[in-house]
Amino acid sequence: MATEIETQQTTGRDESQLRQFAESFLENKLAVFGLFLILSIGVITLFAPQIAPYEPRTQNYDAILEGPSAEHLFGTDNLGRDIFSRVLYGYQTVMTITLGGVMMAFVLGTSIGLTAGYRGGWTDQAMMRAVDVLMAFPSLILALALISALGPSKWGVLLVLGVAYTPIFARVARSEAVSLREEQFVKSLEVRGASQSRIVFRHILPNAVGPLIVTITLQFAFGILTTATLSFLGVGVQPPDPSLGRMLTEGKDYLATAWWYSIFPGLAIMIPVIGFNTIGDGLRDTFDPRQVNR
Amino acid sequence: MTSPRLSVRDLQVTYTTKHDEVNAVDRVSFDVQNDEIFGIVGESGCGKSTLASTILRLLDDNGEITGGEIRYGDWDLAAMSEGELAKQIRGREISMVFQDPNTSLDPVYTIGRQLIETIRQHLDVSKQEARKRAIQSLADVGIPSPEDRLDDYPHQFSGGMRQRVVIAIALSCDPGLLIADEPTTGLDVSIQAQILDLLEDINANHDTSIILITHDLGVVAEVCDRVGVMYAGNLVEVSPVDVVYDDPKHPYTEDLLRSIPETHEMKSELTVIKGTPPDLREPPSGCRYHPRCTKVCSDACETGDIPQEYREDGSVVRCYLYDPAENPEYEGSAKVDEGQRDGQLESPERGDQL
Numbered sequence: 001m002a003t004e005i006e007t008q009q010t011t012g013r014d015e016s017q018l019r020q021f022a023e024s025f026l027e028n029k030l031a032v033f034g035l036f037l038i039l040s041i042g043v044i045t046l047f048a049p050q051i052a053p054y055e056p057r058t059q060n061y062d063a064i065l066e067g068p069s070a071e072h073l074f075g076t077d078n079l080g081r082d083i084f085s086r087v088l089y090g091y092q093t094v095m096t097i098t099l100g101g102v103m104m105a106f107v108l109g110t111s112i113g114l115t116a117g118y119r120g121g122w123t124d125q126a127m128m129r130a131v132d133v134l135m136a137f138p139s140l141i142l143a144l145a146l147i148s149a150l151g152p153s154k155w156g157v158l159l160v161l162g163v164a165y166t167p168i169f170a171r172v173a174r175s176e177a178v179s180l181r182e183e184q185f186v187k188s189l190e191v192r193g194a195s196q197s198r199i200v201f202r203h204i205l206p207n208a209v210g211p212l213i214v215t216i217t218l219q220f221a222f223g224i225l226t227t228a229t230l231s232f233l234g235v236g237v238q239p240p241d242p243s244l245g246r247m248l249t250e251g252k253d254y255l256a257t258a259w260w261y262s263i264f265p266g267l268a269i270m271i272p273v274i275g276f277n278t279i280g281d282g283l284r285d286t287f288d289p290r291q292v293n294r
Numbered sequence: 001m002t003s004p005r006l007s008v009r010d011l012q013v014t015y016t017t018k019h020d021e022v023n024a025v026d027r028v029s030f031d032v033q034n035d036e037i038f039g040i041v042g043e044s045g046c047g048k049s050t051l052a053s054t055i056l057r058l059l060d061d062n063g064e065i066t067g068g069e070i071r072y073g074d075w076d077l078a079a080m081s082e083g084e085l086a087k088q089i090r091g092r093e094i095s096m097v098f099q100d101p102n103t104s105l106d107p108v109y110t111i112g113r114q115l116i117e118t119i120r121q122h123l124d125v126s127k128q129e130a131r132k133r134a135i136q137s138l139a140d141v142g143i144p145s146p147e148d149r150l151d152d153y154p155h156q157f158s159g160g161m162r163q164r165v166v167i168a169i170a171l172s173c174d175p176g177l178l179i180a181d182e183p184t185t186g187l188d189v190s191i192q193a194q195i196l197d198l199l200e201d202i203n204a205n206h207d208t209s210i211i212l213i214t215h216d217l218g219v220v221a222e223v224c225d226r227v228g229v230m231y232a233g234n235l236v237e238v239s240p241v242d243v244v245y246d247d248p249k250h251p252y253t254e255d256l257l258r259s260i261p262e263t264h265e266m267k268s269e270l271t272v273i274k275g276t277p278p279d280l281r282e283p284p285s286g287c288r289y290h291p292r293c294t295k296v297c298s299d300a301c302e303t304g305d306i307p308q309e310y311r312e313d314g315s316v317v318r319c320y321l322y323d324p325a326e327n328p329e330y331e332g333s334a335k336v337d338e339g340q341r342d343g344q345l346e347s348p349e350r351g352d353q354l
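Quick note, the sequences are listed as chains R and X, same order. Those letters in the first sequence? Residues 1 to 294, by the UniProt record's numbering. Those letters in the second sequence? Residues 1 to 354, by the UniProt record's numbering.
No lab work stands behind these hints: they were computed from the structure. Warning: the hint list may mix true and false statements.
Unchecked claim - Once the Cα atoms are required to be at most 30 Å apart in a straight line, the calculated DSBU-like pairs of lysine-lysine come out as:
| hint | chain 1 | residue 1 | chain 2 | residue 2 |
| --- | --- | --- | --- | --- |
| 1 | X | Lys274 | X | Lys295 |
| 2 | X | Lys18 | X | Lys87 |
| 3 | R | Lys187 | X | Lys127 |
| 4 | R | Lys187 | X | Lys132 |
What the hints assert, rightly or not - Examples of chain X residues lying across from chain R (beta carbon under 8 Å, computed):
| hint | residue |
| --- | --- |
| 5 | Leu59 |
| 6 | Asp61 |
| 7 | Ala86 |
| 8 | Arg90 |
| 9 | Met96 |
| 10 | Thr118 |
| 11 | Ser190 |
| 12 | Gln192 |
Claimed, not checked - Quick partial rundown of chain X residues pointing at chain R, CB under 8 Å, derived from the structure:
| hint | residue |
| --- | --- |
| 13 | Gly91 |
| 14 | Phe98 |
| 15 | Arg120 |
| 16 | Gln121 |
| 17 | His122 |
| 18 | Leu123 |
| 19 | Ser126 |
Cβ atoms here follow ideal geometry from the backbone N, Cα and C, with glycine treated the same way.
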């Protein structure tokens, strides 16, 4: 009985089902904690200019490498810039890139995956082999190759995320489409003369949305890490734009004398990654009817 | 006589697997008249569902029409382009209802949206107009307070109601032909009867012919006007429904009827047809039923290429029993005298009475 209710939950868009879904999600304390983290960071990111006490690019040679204090919450860096303000603006950069990149991958990957899965046969083979080739490259190598072709910039990183994560969305979407294709309602849509794009995007996509949302949340976490990694390596966001990864690189030279320089940006990277991961896990559990009695 | 609604001629469907070719439908011909309910019966795997999906060209990728034609109006469905089919035929002129109503509807949309989607796809009408039509369709299939139920999701309907909704969608564009593939199989008996009544009702009140595919001879007896009996990809007999039950022509039909358990007889054993249906990868030569047939009348049964053309009081039979050249005991002809034939067949019974 419980299983039946849960199954309906994953598919229906009914209000009461949405409420059930929300209730089930909210029971998962860890996921709620993650949601809280992400919402806080979202607010911070949106209102960074209002919250930040200093302009992130202004250098102050009277306050170089000062430790955390009431004046400079996270201390200052080697050019006297306020690290707290730079972290806030860093969030803006990293969130823009991740959001853009993951959305690009979602649109590309889902279209490819759903089409391949629904059409099957030759189309499926061609599309998924191309995706496999893309997946065979370690994403960092792929990123370095793309960026060396495009020149380092934050838009380059966005593009890298978009391309590197496409295969993941394509695979998830394909597996959903392959099973939904066999559903009777898809057959009866064909019988009614519905066009292929209508079937794929209006009927298969909404039914596959659960696993895709889980993938989006998890990829957000990876996206933040990859963006930070590329900036750490110096091929991502370019100065003077504030970037969390770049602050880590610069700070590591001062680790012995000014721990705050890299510790705070490091924590700043960690928090949203934990947040997205716990939300993703929570959503996956909620979408999965088998785990109802967890 | 007016031309039939649907006319299938020498239809041949072949599935290609890695190693074999399977002739799932072999030279099948039949007509569906205007406003008639035409039943297709047969065991599992005899090709009846393949036949149904072939009419709308919904075969799986490895299936292919390898011969014959499917005439509907001025169209040959076997030769039409996919695009034309989707635009002119599917859902518009011919619709189909499947076995399981529980999965025939998209769970994420209200039934109203699904109805309106189909209507707007085929008819050039406004949203309001489509909504009105949708309500009308639901009312036609006997759904109470259709205005309110339009905004309900499929899971809020019971199985029988869901099948009604599926039928409403199928009928929403006033199709000329409705193909119902085992429409009552997933439902319990009382609901089955309701759905069959509904089909009869639709057939009577709309200009819609129905092809009813089933393995249930009881269902056929209840609603069909004429019946096609399939065996191993062949249509072995097409007869008016009373002929099938009272005086089946093909030995297979006869055996099939005999295997229905009768409730008033206490028998320790069920009557079964000996043997198993043939493997269609290597169908028997000649008549595909001859290895199980109790009435083999000629060597030609085992070797001949039997045409589906022997006519016998309103029936078309694919059997040499009705060919004077092959069956010396056959005394009738293509146009047999009613009285003479009846006398011949019923004489043993009369003998009993004496």
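Checking against the hints above, which ones are violated?
-> Of the numbered hints given earlier, those the structure breaks are 2, 5, 11, 12, 15, 18 and 19, listed in rising order.
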